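Novice: Read off the chains here:
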Amino acid sequence: MTALSLHNISMTFPDGTQAIDDVDLTIKRGEFVTIVGPSGCGKSTLLRIISGLQQPTSGTCEVNRKSLGYVFQDSVLLPWRNVRKNVELNAELQGVPKEQRQESVQKAINLVKLNDHVTKFPHQLSGGMKMRCSLARSLVSQPQVFLFDEPFGALDEMTREHLNDELLNIFLQEKFAGLFITHSIQEAVFLSTRVIVMSSQPGRFISEHTIDFPFPRVPDIRYSAEFAELCGRISHDLKLAHA
Amino acid sequence: MKLSSQISQNRRISTIVLPVITFIVFLSIWYAYAKFHYDNPVQRRNALPYPHEIFTDGFLPLNDKVNGLRPILGYMWPTVKVTFLGLLIAVVLGVFVATLMNLSKGIEKSLFPYAVILQTVPILAITPLLTELFGQEIGVRLVVTVLVAIFPVMTNMLFGLQSTDRALHDLFTLNQASRWTRLIKLEFPSALPSLMTGIRIASGSAVIGSVVADFFFAKGEKGIGYYIRTRQQQAIQRPEMFAGTITASLFGIAMFVLIGWITSRAIRNWHDSNLAIRQSSFKILRPLKGN
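The listed protein sequences derive, respectively, from chains Y and W. By UniProt numbering, the letter at position 178 of the first sequence is numbered 178, and the numbering carries on one by one without gaps. By UniProt numbering, the letter at position 151 of the second sequence is numbered 151, and the numbering carries on one by one without gaps.
Do not rely on the hints blindly, as some may be mistaken.
List of simulated lysine-lysine pairs, DSSO-like, C-alpha gap at most 30 Å [said to hold, decoys possible]: (1) Y:28 to Y:107; (2) W:185 to W:65; (3) Y:107 to W:185; (4) Y:66 to Y:107; (5) Y:85 to Y:175; (6) W:185 to Y:66; (7) Y:175 to Y:98; (8) Y:120 to W:185; (9) Y:98 to W:65; (10) Y:66 to Y:85; (11) Y:66 to Y:28; (12) W:185 to Y:85; (13) Y:113 to W:185.
Here are the simulated distance ranges between beta carbons [claimed, not checked]: (14) W:112 to Y:14: 24 to 34 Å; (15) Y:12 to W:166: 16 to 26 Å; (16) Y:200 to W:166: 18 to 28 Å; (17) Y:206 to W:166: 23 to 33 Å; (18) Y:15 to W:166: 10 to 20 Å; (19) W:96 to Y:153: 40 to 50 Å.
What the hints contain is simulated information worked out from the structure, not anything from laboratory work. None of these values were measured; they are calculated from a predicted model. Built from N, CA and C at the ideal position, the CB exists for glycine as well.
Using the sequences provided together with the hints, build the complete structure.
Specialist: See below:
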């Protein structure tokens, strides 16, 4: 079942920068697609277009925006709300009645393992815990499409790998259609069913790699020869993208 | 004793000891100047009395109905009322106008230049106009207080509203939040630390505004400014004048501490700027427990 489809999306900014040039993309539920590319190649702009935060210059985007999760680069938490209240925010803004949202809020908190921290405020949380909280907030409404704008970029390597493992577990349970953006090739290969390499200025899709590791994936596949070879191929394409 | 508590205790002592040392130095200079500048004691007392003379002659006559602590406190009461009420009105109006400006660039552009002008006009230079419009009693003093207090409230509130995190705005947009929801659940709480900073600045202005207004509008229930002004006119009452002035400024300090305390309560759990307040040297002005 197709959850997201983009046709001929192009985006030119008022200053003439062509951020995205003629991008086509279809993602089904149960697929996890990652886009890697140089900084400033329009990856984030693409997510903003899909979510409706920005209008493309041309092209069409078919997605159910009522069932969309969006995880930002930063955790984007309200500093005056504790963890539970922050997780509740999206559902609250969407007008889900209080009694109805309690159960799904608790479920999301369990899913990201923040049970022991629900009354803490953002400034009391580590970077990893903030991202979990941010993730939980989007999980509450069980969206069909999940957009991730480089969510773990600011975290240390250990925390990032740990969160990757947990994100995959959540993905297996929720079976959403995922679109993930990252600079890390390892992260892309580990998480995805497909990895797309994007070039910059203009932002185009220049290659696509299918990742066949079966689910559930164990952390140790990161050390397999096959994994290394995939990373090498993607890395090679990325160098072309930079050129 | 643990090292960390030792350090924190040292820091606490220094936040008390250092200002006290400054105060002692200040008093010493005062005594030295008063002693060597004036040859005869009467002349000194009528120009720059020794601090202890201010205490004995300005404050101490406890049963005097005209001068001393009791009449000073009697004159303080209207000043306290005008200051609080004026500050309250300034906060309500300032927040309201800032919110309107935040909702519409058009409103901001039409009103903001006049807010600046309002701030730069020397209000007491238009005393006759104010008398014409508002009389000479407590009402006009309230108006002066509001006029001097509203600008910092309004500009800080507007700044706070407009510097709301863009990513948080995006989040609210993604969830189709209404303008009203955005205002109540995002912009107001974001602006709270800025607003409190504005109120803190305004509280000082409000005290000065209400005291100085007494100098120019002296009918009806008179405040401490009236007491100070009338004691200025006779050199022999110099200690009384200083006593009134010191009481008014102690009230200003009390307002500053009070607003600081309310601020730390209001944003205690969550705001980065609260951490800045905690670490600032104003710590002594906040309750010492719970740190």
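Novice: The structure should be examined with respect to each hint, and the outcome stated for every one.
Specialist: Right, here's what the structure says about each hint:
1. Y:28 to Y:107: Roughly 25 Å between the alpha carbons, so the hint for residue 28 (chain Y) and residue 107 (chain Y) holds.
2. W:185 to W:65: Violated - the C-alpha atoms of residue 65 (chain W) and residue 185 (chain W) are around 54 Å apart, more than 30 Å.
3. Y:107 to W:185: Roughly 24 Å between the alpha carbons, so the hint for residue 107 (chain Y) and residue 185 (chain W) holds.
4. Y:66 to Y:107: Judged against 30 Å, a Cα distance of about 20 Å means the pair holds.
5. Y:85 to Y:175: holds (25 Å)
6. W:185 to Y:66: OK: residue 185 (chain W) and residue 66 (chain Y) at ~21 Å, within 30 Å.
7. Y:175 to Y:98: holds (26 Å)
8. Y:120 to W:185: holds (19 Å)
9. Y:98 to W:65: violated (63 Å)
10. Y:66 to Y:85: holds (21 Å)
11. Y:66 to Y:28: With a Cα-Cα distance of about 17 Å, the restraint between residue 66 (chain Y) and residue 28 (chain Y) holds, given a limit of 30 Å.
12. W:185 to Y:85: holds (12 Å)
13. Y:113 to W:185: holds (27 Å)
14. W:112 to Y:14: 24 to 34 Å: With a Cβ separation near 27 Å, residue 112 (chain W) and residue 14 (chain Y) satisfy 24 to 34 Å, so the hint holds.
15. Y:12 to W:166: 16 to 26 Å: holds (22 Å)
16. Y:200 to W:166: 18 to 28 Å: holds (23 Å)
17. Y:206 to W:166: 23 to 33 Å: Holds, since residue 206 (chain Y) and residue 166 (chain W) (Cβ atoms, about 31 Å apart) stay within the stated range.
18. Y:15 to W:166: 10 to 20 Å: holds (19 Å)
19. W:96 to Y:153: 40 to 50 Å: holds (41 Å)
Of the numbered hints given earlier, the model fails hints 2, 9; all others are met.
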